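Chemist: Starting from the structure of chain B, add chain U where the hints point.
Taken in order, these protein sequences are the chains called B and U. Using our numbering, you'd call the opening residue of the first sequence number 1 and step up by one each time. Using our numbering, you'd call the opening residue of the second sequence number 1 and step up by one each time.
One should not assume that every hint holds.
Okay, the calculated beta carbon distance ranges per label pair [said to hold, decoys possible]:
| id | chain 1 | residue 1 | chain 2 | residue 2 | range |
| --- | --- | --- | --- | --- | --- |
| 1 | U | 175 | B | 411 | 42 to 48 Å |
| 2 | B | 411 | U | 40 | 40 to 46 Å |
| 3 | B | 22 | U | 175 | 33 to 39 Å |
| 4 | U | 31 | B | 18 | 38 to 44 Å |
Everything labelled a hint here was simulated from the structure, so no lab data went into it. These numbers come from a predicted model, not from an experiment. Positions of the beta carbon are idealized from the N, C-alpha and C atoms, including for glycine.
In case you want the letters, here they are:
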Amino acid sequence: MSFVPIRVGFFLAIRQIKHASLWTTILIMFVMTLTFLNLVVINGVLVGLMQGAVTAEKNKYTGDLIISNLNQKAYIENTSGILNILNGLPQVSLLSGRYLAGGTVESGYKTKTRDSDVTESAGGVIAGIDPVKENNFSGIGGLMIEGSYLAPDDYDKILLGADLLYKYTPIDTPGLKNLKTAGVGSLVRLHIGSTTREVLIKGIVKSKVGELDQRIFMVDSQLRSIIGRDDLNLNEISVVLKPGVDPLFVKNILVKNGFDQGAKIQTYLEAQPKFLKDIAQTFSLLGNMLGSIGLVVASITIFIVIFVNAITRRKFIGILKGIGIDSRAIEYSYIFQSIFYALSGTGLGVLFLYGFLVPYVNAHPINFPFSDGIIYVTVAGTSIRVIILLITTVVAGYIPARIIVKRNTLDAILGR
Amino acid sequence: MIEIKNLIKTYHDGKVETPVLKDINFSIEDGEFVAIMGRSGAGKSTLLYQISLLDHPSSGDIIIDGVNATDLSSDDRTKYRLHKLGYVFQDYALLPDLTALENVALPLIMQGKTTEHAYSVAKKALDRVNLGHRPGNLPSQLSGGEQQRVSVARAIAHKPKILFADEPTANLDTESSRVVIDLFKELHKEGQTIIMVTHEEEYGKMTERTIRLSDGKVVEDRKNR
Chain B
1 MSFVPIRVGF FLAIRQIKHA SLWTTILIMF VMTLTFLNLV VINGVLVGLM
51 QGAVTAEKNK YTGDLIISNL NQKAYIENTS GILNILNGLP QVSLLSGRYL
101 AGGTVESGYK TKTRDSDVTE SAGGVIAGID PVKENNFSGI GGLMIEGSYL
151 APDDYDKILL GADLLYKYTP IDTPGLKNLK TAGVGSLVRL HIGSTTREVL
201 IKGIVKSKVG ELDQRIFMVD SQLRSIIGRD DLNLNEISVV LKPGVDPLFV
251 KNILVKNGFD QGAKIQTYLE AQPKFLKDIA QTFSLLGNML GSIGLVVASI
301 TIFIVIFVNA ITRRKFIGIL KGIGIDSRAI EYSYIFQSIF YALSGTGLGV
351 LFLYGFLVPY VNAHPINFPF SDGIIYVTVA GTSIRVIILL ITTVVAGYIP
401 ARIIVKRNTL DAILGR
Chain U
1 MIEIKNLIKT YHDGKVETPV LKDINFSIED GEFVAIMGRS GAGKSTLLYQ
51 ISLLDHPSSG DIIIDGVNAT DLSSDDRTKY RLHKLGYVFQ DYALLPDLTA
101 LENVALPLIM QGKTTEHAYS VAKKALDRVN LGHRPGNLPS QLSGGEQQRV
151 SVARAIAHKP KILFADEPTA NLDTESSRVV IDLFKELHKE GQTIIMVTHE
201 EEYGKMTERT IRLSDGKVVE DRKNR
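Same shape as in the complex, but just chain B (with noise of 0.2 Å):
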């Protein structure tokens, strides 16, 4: 194969985009940028959005491995054993071990003045937390958006989901029940099992973790007391590892240790609820569908472009061929500038992606209902992106090139 018409395509693309008019390749460079924005970004955002819910999940409840009780065991057994492996292991970061028990808070009851009057009641999980441990965890001093946070020695002090308040979850099912006048302040009665307490209401917690958000937290060591728990088992252990480190690696310590047989462990990943992955497949798949739709606006710009292109320079493509020019040096001239306008545009695209966009959303992330959306692009994501684009403008660029090539010469030449 000769090299000859690849070196002469080039030859005359270099001038041809050289001597084009400026403001017609900024226009299509700027084309090119929008769609490569519109194939990355958009997928990006939609699968950033389950990705921030998958982060805060990891961040602010899991950590990367979670130990929790076996389904039918009320804790964790052999919990100081686990905790034992972990703080010995050079790898863990941090932990963070809770206390949980069902029960309810109950409001409205001391404005009750009959029997028949109905007060209104919030069901969750009640979590025993070390305030301090907790909070280097996952931040969750940071999440209130009312009150304020425990402190270790708060007693009969809790803080509330915002899921559980009417007011943060303004919805009205028969099947969730939450408190509609109760708020930072209240007195609320606490009931888990048989035991009833009355405690204040400190602080309200928001963090788009669903599993938080309906959670109602107070001091671990109140909670140990109200449910007459006089070991030391916990009901979960969230283990934040230092970077770089597999989950599965230390998880599979604690599975040789034989501590699976008391415990559930799983890591981040395998923790996540199913719906969560499900929405993230199909909004992935969606922002594809999506991008498709502008790569194929792209294409036909490009079609467009060249094909107007080789039309008004149709008189030079037959005094080319006339010439003794190879068609096919001609074709690959629009070839390398179809290439040109993609390179350049996704180039640009490129940069202000990772320049500017991704760093910048992560910053200051997308606030959603339920997650706090980033940009989620790998590299290996945008590059495979990256080369559908120049395949699908090269092919753009290189059909109305051939159609205008495969004239007739004299045809080309006398404008006819």
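Modeler: Same frame as chain B, now just chain U:
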């Protein structure tokens, strides 16, 4: 040597047939400077396009150095034009994005020569037409006469076997026309075969031989000196 045998060209437009060339026969020896003349519509440009392999005749043979050009494939015709033929068109036919030097060098690069070598040969060709001092000018920065001289430089740079010129002076003033014709005469003296279509008797007389067409037929074929 070029032999034209029973050459017929008929254009078809739907059911309408327009015969333009009607059984043309002649031959041209190597090194001849031939003018094809005739009134407008006589078929002279059409004849040039057939001989120069820019068009396909309806029937007949064009034999150049024993090779029947009508048997060549489209790709082979393109290669033949690149290596053996040179063209000067009425409207110069330069590529507007290429400088004078690049316009001349392009066919040489297509022949597989290195860019440096092609530029060196192209520069000599421009020197030959007295434009060696303006290699970097785009066609739009040159006068009509200068553009036609660049076109001549492009046509002769690769030392073609035959130089074809289609009304090369039609768009030029008298002085520029004279320069171009003088260039052709010089090239002819050096042995270049030139076939030129012109409707200007003055320039026709400066050639070695005139083939006159009328209504698609050769009505005169004479030596000028």
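Chemist: For each hint, tell me whether it holds in the structure or not.
Modeler: A quick look at each hint next to the structure:
no. : hint                       : result
1   : 175/U to 411/B: 42 to 48 Å : violated (34 Å)
2   : 411/B to 40/U: 40 to 46 Å  : violated (20 Å)
3   : 22/B to 175/U: 33 to 39 Å  : holds (37 Å)
4   : 31/U to 18/B: 38 to 44 Å   : holds (41 Å)
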